[in-house]
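Heads up: the protein sequence lines correspond to chains A and B, in order.
Using the UniProt record's numbering, you'd call the opening residue of the first sequence number 1 and step up by one each time.
Using the UniProt record's numbering, you'd call the opening residue of the second sequence number 1 and step up by one each time.
Since the hints were made in silico from the structure, they are not lab data.
Be a bit skeptical, because a hint or two may be false.
[Claimed, not checked] Listed below are the simulated PhoX-like cross-link pairs for lysine-lysine, each with C-alpha atoms no more than 25 angstroms apart in a straight line: (1) A:K187 to A:K61; (2) A:K187 to B:K91; (3) A:K187 to B:K299; (4) B:K179 to B:K139; (5) B:K179 to B:K94; (6) B:K139 to B:K94; (7) B:K139 to A:K187; (8) B:K179 to B:K91; (9) B:K94 to A:K187.
Bear in mind the structure is a predicted one, so any value in this text is a computation, not a measurement.
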Amino acid sequence: MTSVAMARRRLALSRFWAEFRHHRAGVAGLVILLAAVLLALVAPLFIDESVTNVVEAPGEKWDGPSLSFPFGTDESGRSILLMIWWGSRTSLLIGFLAAVLSIVIGLVVGVAAGHFRGWTNGVLMRVTDWFLVLPSLVTALVLAAILGGSTFTVIMAIAVTSWPSTARLIRAQTLAVEARPYIERSKALGAGHWHITTRHVLPNVAPLLLASTTLEVASAIVTESTLAFLGVTSNKTSWGTMLRASYDFGAADQGAWWYILIPGLAILVVVMAFTLVGRALEAVLNPRLRRAA
Amino acid sequence: MTETQTTAEAVTTTRPTLLEARDLHVEFSSRGRRARAVDGVNLAIGEGEIVALVGESGCGKTTLARTLLGLERPTSGEVRYDGNPLTYTSKALKTYRRQVQLVLQDPTGSLNPRHTVYEAVAEGPRIHGLPDEQDLVSKALSHAGLRPPDRFFLRYPHELSGGQRQRVVIAGALALNPKVLIADEPVASLDASVRGEILALLLRLRDELGLSALVVTHDLGLAWNIADRVAVMYLGRIVESGPVEQVLTAPRHPYTQALMSVLPESPERVVLTGEPPDPTRIPGGCRFHARCQVLASGKAAEAGVHTRCRTEPLPILPATPEAQAACYYAETTTP
Chain A
1 MTSVAMARRR LALSRFWAEF RHHRAGVAGL VILLAAVLLA LVAPLFIDES
51 VTNVVEAPGE KWDGPSLSFP FGTDESGRSI LLMIWWGSRT SLLIGFLAAV
101 LSIVIGLVVG VAAGHFRGWT NGVLMRVTDW FLVLPSLVTA LVLAAILGGS
151 TFTVIMAIAV TSWPSTARLI RAQTLAVEAR PYIERSKALG AGHWHITTRH
201 VLPNVAPLLL ASTTLEVASA IVTESTLAFL GVTSNKTSWG TMLRASYDFG
251 AADQGAWWYI LIPGLAILVV VMAFTLVGRA LEAVLNPRLR RAA
Chain B
1 MTETQTTAEA VTTTRPTLLE ARDLHVEFSS RGRRARAVDG VNLAIGEGEI
51 VALVGESGCG KTTLARTLLG LERPTSGEVR YDGNPLTYTS KALKTYRRQV
101 QLVLQDPTGS LNPRHTVYEA VAEGPRIHGL PDEQDLVSKA LSHAGLRPPD
151 RFFLRYPHEL SGGQRQRVVI AGALALNPKV LIADEPVASL DASVRGEILA
201 LLLRLRDELG LSALVVTHDL GLAWNIADRV AVMYLGRIVE SGPVEQVLTA
251 PRHPYTQALM SVLPESPERV VLTGEPPDPT RIPGGCRFHA RCQVLASGKA
301 AEAGVHTRCR TEPLPILPAT PEAQAACYYA ETTTP
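With the hints as constraints, model all of the structure from the sequences given.
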């Protein structure tokens, strides 16, 4: 029966793409995203970690934009362009992994709470509420400080503080799906918890999840930059650490506007792209929004 | 509605009982109040028999159907299938699901809009890990009157008509090759023209596959058309039951008479007074006495049963195929 399933999937995908294409902003965001991800992936083919090395810096310090350094240089004479390129790997990696981790936690908690109801729901939702009211930035700072600086800790700190809203969203959707008669029919057919959650609930929350993941990546990138700016870093060059360095070394006093502006713009553009794609996905995949549009 | 299809004797020839409710009680508690949705029901469905369960909204029909399916646990009493009481371990229930299947009222809601017809029908066989899935699905769709079946495999529910959707739901139940179909208002949400087709389908399935069915409905005309036996439910209990010709041509319980009187052919209309029944406050004596037109008209007093009507609880009707009514007045008028 795989051929039938394959044909159906291909049909659904082409339908989805036909819808998505109409959202121009979404398509633009997608193009920017793909370009950013591709550049981050191929970066090791052209440059390596040495672009962040202060000792072997190729240029003069605080050099303005020129042909050899299109975005100028920093306080040690390193090329801002190459650092942005190399830093995008850390920023995007942390953004993606933190978002995925946060979504996975939120999904499991949300579906479990919505499906099992009763005391399971009560306990899980109280835990969720507890995390929801914690000031997330402060918690992330404390967590990262306790666990020490590494890419993994920053990812954990972001994920652990950002999953509650996803859990709430997924739980609400799960409750809505579970009230449908086809769940009753499925139970009468003999379906267990696993069948109902994976065959009925998951496909129904998946579109919501996809849209919220893209938005979550954007906010994770911003959080990573914020944490880096506040001093919690993975000890690798990222856009956030560059902003932090520009502040530490007084780029503003030096008139080195490019040192502040370029990392900021990089964050802005990528986050914008994620948000645009997320919004477009939401509009395409959420039937209620689709009808209104 | 006056012609008699078959003689009562022919119908009451005892069929071996397949599915049975014995002294079944189901209670719900909400905000400290206990609602007795099913309050003592004996009901038997024989092999190849179609039983209609009739009653107004909120009388406990659906709860009884869900309990018979094992979706709801009885507070007391038991559901018996093929002579054995139903046990509520997940393994036993899963085996039971292959014998007794459900058809819901709203075919649009009972199909997952993201699943194709094939997936909807294959869901049961997949859950039970049955071999030759595609073959089962094709057969089930053909039995449900969707031919040729492979034309429907890739269709989505929203591309089908209401009647076709209900056929898909029925096919989904048939794919497990059950012995009993419990249909909760199977045609209530369908057009009148489609209604007949689905009813004809149920009758054909009985003839072809020997399927028994419990059809839950509020529509007496439907019960007349399809059922061998009818059971009338009021406030959690069966108040009258028997062969459909007997119960619907000569109703003995005042409640059944009131239900019959609203049919267009009926000479005079009985409009029930009093509050609609509330399962959290079941009246003492006969549970229908507060709305009973016979008691209100004084006929019960003439027959000398009015005090019993108000104070003495009636016994629970047994699960016999013969015509019977739980009414003191009916007892005095018919020997």
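Hints versus structure:
no.	hint	result
1	A:K187 to A:K61	violated (70 angstroms)
2	A:K187 to B:K91	holds (13 angstroms)
3	A:K187 to B:K299	violated (49 angstroms)
4	B:K179 to B:K139	holds (16 angstroms)
5	B:K179 to B:K94	holds (15 angstroms)
6	B:K139 to B:K94	holds (22 angstroms)
7	B:K139 to A:K187	holds (22 angstroms)
8	B:K179 to B:K91	holds (19 angstroms)
9	B:K94 to A:K187	holds (9 angstroms)
The structure shown violates the earlier hints numbered 1, 3.
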